[in-house]
Amino acid sequence: MVHRYDALIIGAGGAGLMAALQLSSHGRVAAISKLYPTRSHTGAAQGGIGAALGNHEEDHWEWHMFDTVKGSDYLADQDAVEILCREAIETVYDLEHWGLPFSRTPEGKIAQRPFGGHTREFGKAPVRRSCYAADRTGHMILQTMYQQCLKNQVHFYDEYHVLDLLIEQGRCAGVVALCLATGELHTFHAKAVVFATGGCGRMFSVTSNAHALTGDGMGVVLRRGIPLEDMEFFQFHPTGIYKMGILLSEAARGEGSVLRNKNGERFMERYAPTLLDLAPRDMVSRAIYREIREGRGIGGKNYVHLDMTHLGREVLDMKLPDITDFVRTYLGIEPAKELIPVQPTAHYAMGGIPTDNDGRVVIDEKHTPLPGLYAAGETACVSVHGANRLGTNSLVDILVFGRRSGRHAARFIKENDLPPLSAKPEERSREIIARLLSSQGQERGADIRESLQNEMMDKASVFRDAGTLMAMREKLKEIRDRYANVKIEDRGAKYNTQLLEIFELGILIDLADVLVEGALARQESRGAHSREDFPKRDDANFLKHTLAYLGPRGIQLAYKPVTVTRFEPKERKY
Amino acid sequence: MQMTLKIRRFNPEKDAEPWWGEYQFEAEPTDRLLDALNHVKWYLDGTLTYRRSCAHGVCGSDAMLINGRNGLACKLLLKNLGSRITVEPMRGFRVIKDLLVDMEFFFDKYRAIKPYLITNSPEPDQERLQSPEDREKFDDTTKCILCGACTTACPSFWANPDYVGPAAIVNAHRFIFDSRDEGKEERLDIMNSTEGVWRCRTIFNCVEACPRGINVTRAIGEVKKALLFRKA
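So the sequences go chain by chain: A and B.
So this note's numbering is basically just the index in the first sequence, starting at one, shifted up by 38.
So this note's numbering is basically just the index in the second sequence, starting at one, shifted up by 30.
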């Protein structure tokens, strides 16, 4: 079945919906998502969206820009960060105009609170920059964006899983997707495609990410010869609920919670004397790992405590109701009275599909765009987060660059005709599905996935070195062999969710390969990439972005320079 | 703990009638019901079908009938459900496969209440002002995750599937009581129609079913009151 549209959006979280909304008045637009849009993981974002509104105290986008660049360990492209921080302000006002129910100041303005790494006057002290709606800001953004898309009559294909990207004569020509309800393949032929499929946290065993976050968009384009950028940088959020990985927002620390080791010591005093518990996430996660390694985890185990007891019930119920509820539900703990066991949880891919500042996917070191192909949100790498993303900047990113992608694509579909479509666009997807459905293998997908997640957590998470990464490379070969022998029990057409899980697992294995190869080659420590055998940042050799291609002989790496405009790289202290 | 999970199964490609599958396995008391379903799917029967995503009660994918009550599988712990748990699809929606039901019908009702801010006045350069007190008036109903648990727990909905249902009313409330919205009258007209808010018989099942703790019946009551005191 072939559908024709001017533009397609793949993924219906915040970035996809924003791009869809921008495009909706410029042509026939469809949004394709493997979930119902309101199930997207944007809805799980808690703490807020960063923008220098200055509603409580003086603030400037330049300060936000400095914090983002410094937070990125100077790997972010500063022209892109400037756009991010300038446009954050109008974007937040847009959200308010579309009805987003922000929490309010006594004067009725949008309420703001402190967040990790966000400071005034270039690092002097924390600043209230995170615009929030209690601790369900992402939920409100997702709902508001979906509402606006309904109002503007965006056409949704819910529960369609994208399997392949179509490229014809050097142009993006559309995608092939599996309709989950029927098991049929659908070709979506279009002038422009925006990938906004989110992250890939499910490659780790402890993660804040939804089951659905398997990096599909990244994997699908990688398999069509497009590189991925900076995939070795994966953020571990310091405060996941012990063992479960469920996120407890940095807003908890923004409101005054502190981390404590087994001696009750506020250990961040030793690691980040100025910002303390509100230091950037990579630093806090490393500090927790160090405390645990040096025997100061709680009861000798691999977790520490988040202490919210001094905040009082009113603050918890008014400002942090959801995470208070998570703690009560999943741990049976009363956070107003008891300490909460937390450990770092795989949270965010700084890397992704390389794009320029208009969301156009660029396919090589020379920034050559692939006409008609766009990416935005966590699946993309602009790069505004560099080696470590600041809290609240993911929501800024999805909206600012979702919007820029949509706007650029709107111009593109006006100026261009439909590209040609090959005679058999579905051939490759049909082969993949047929191969998986006819597999006579005996390896359970769940066992393979568990090995992948446990090994990645053990060998390629917060700390890495050549030894663990080489061992992971070997493990991945073994995992790949097992995957070739994967077992299928559901051979039906309708809602074959086992087939999808196996497809998703294949993507995760490819992405793990990319992460490990990038991490092995990057012989330095920068942001979230922390090599114990190379503990220092090395600007002379590695102030550059990694590009990883999937070739016939495995992963091939190339590099491109970082754009530095206002802020020269300096040592990163807080 | 030793678990027995009894699941209502139905695969239209194979089964003429629904049937009960029974699965026994070891689990941690602190596991979520979703973990138990995943265990069945991943290790005992790969054909088991249900929706899931976030696994911590914010995306609304995995609402189902659990020991006779609606809930989210990812928000209920085994220790609170007992060692023998019965799981069925939500009532009142067409079953597509196992625990997975047709949600289109549900989203149609949501779309019918114009779930978006309606304004005619020009937008200011910055934010519209709204006092914390005005913001508080609709705070409860902003929590809705559209999981369907309330609507499919409602006897009035079972009796009359054309009834717009509690979830749609909750979302209408979210806008009717938002001081910034100028679409109050059109929404109240929808609420005042035959299949609107008056079908609610104040049974409170929705309040019990809501995994987000929304006081759904109160919200419905506030919408009814707004209609009663509406200026003609």
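These aren't lab readings, by the way, just hints derived from the structure by calculation.
By construction, the Cβ of each residue, glycine as well, lies at the ideal position given by its N, Cα and C atoms.
Just so you know, not all the hints are guaranteed correct.
[To be verified] Cβ pair distances, simulated, as ranges:
no. : chain 1 : residue 1 : chain 2 : residue 2 : range
1   : A       : G479      : B       : R141      : 36 to 46 Å
2   : B       : G112      : A       : E609      : 49 to 59 Å
3   : A       : L475      : B       : M31       : 50 to 60 Å
4   : B       : K167      : A       : A461      : 35 to 45 Å
5   : A       : N190      : B       : T60       : 40 to 50 Å
[As the list claims (entries may be wrong)] Restricting the straight-line Cα-Cα distance to at most 27 Å, the calculated cross-link-like pairs of lysine-lysine (DSSO-like) are:
no. : chain 1 : residue 1 : chain 2 : residue 2
6   : B       : K167      : B       : K214
7   : A       : K339      : B       : K109
8   : A       : K189      : B       : K144
9   : B       : K109      : A       : K281
10  : A       : K357      : B       : K36
11  : B       : K144      : B       : K36
12  : B       : K167      : B       : K144
13  : B       : K109      : B       : K167
Next on the checklist: Output the indices of the hints that this structure fails to meet, ascending.
Outcome noted: Numbers 3, 4, 10, 11 and 13, in rising order.
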